[in-house]
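Enquirer: Sequence:
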Amino acid sequence: DMEKTVPMDRLICGDVGYGKTEIAVRAAFKAVQDGKQVAVLVPTTLLVQQHYGTFTERYSQFPVNVRALSRFQSEAESKATLEGLKDGAVDLVIGTHRLFS
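Every letter in the sequence shown is one number past the one before it in our numbering, and letter 34, counting from 1, is 34.
All the pointers check out, no bait thrown in.
Taking lysine-lysine pairs in the PhoX-like style, the calculated list, with each CA pair at most 25 Å apart, reads: (1) Lys86 with Lys30; (2) Lys30 with Lys4; (3) Lys79 with Lys36; (4) Lys86 with Lys4; (5) Lys36 with Lys20; (6) Lys4 with Lys36; (7) Lys4 with Lys20; (8) Lys20 with Lys30; (9) Lys36 with Lys86.
Beta-carbon label-pair distances, calculated as ranges: (10) Ser74 with Tyr18: 30 to 38 Å; (11) Ala39 with Ala76: 14 to 22 Å; (12) Asp15 with Lys86: 35 to 43 Å; (13) Gly88 with Met8: 13 to 21 Å; (14) Gln49 with Lys4: 30 to 38 Å; (15) Lys4 with Phe72: 30 to 38 Å; (16) Gln50 with Thr5: 29 to 37 Å; (17) Glu75 with Asp1: 33 to 41 Å; (18) Tyr18 with Glu75: 32 to 40 Å; (19) Leu46 with Tyr18: 14 to 22 Å; (20) Phe72 with Asp1: 30 to 38 Å; (21) Ser101 with Gly17: 27 to 35 Å; (22) Gly14 with Pro63: 28 to 36 Å; (23) Glu83 with Tyr18: 31 to 39 Å.
Source of the hints: derived by calculation from the structure; they are not laboratory data.
This structure is a prediction, so every number in the text was calculated from the model and none was measured.
A virtual CB, placed ideally from N, CA and C, is assigned to each residue, including glycine.
Full structure from sequences and hints, please.
Expert: Quick look at the structure:
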């Protein structure tokens with residue numbers, strides 16, 4: 001799936017502790033290494049913070065620009081993230097429904 005030219009949309013569903021985040025971390029890393037941008041949609045602002053910490057820690061040894069987008073980011077931070085997405089500077093964004101706004 002990830003090698004096709006068509007964008008991939010996947011929903012990861014499972015119980016607590018079954019590796020959903022690990023799958024997302026690995027799939028996102030492969031996509032970024034292949035020159036793609038990734039959006040990780042999560043249902044709560046708390047999960048945005050948790051996943052942002054996890055992704056930035058896991059990617060700390062690599063040149064991957066990870067940003068968060070939720071109500072906890074200031075207007076200036078949100079604007080910078082959106083501009084980074086437009087110009088390709090942001091590789092991966094983790095956010096709530098604000099990703100659609």
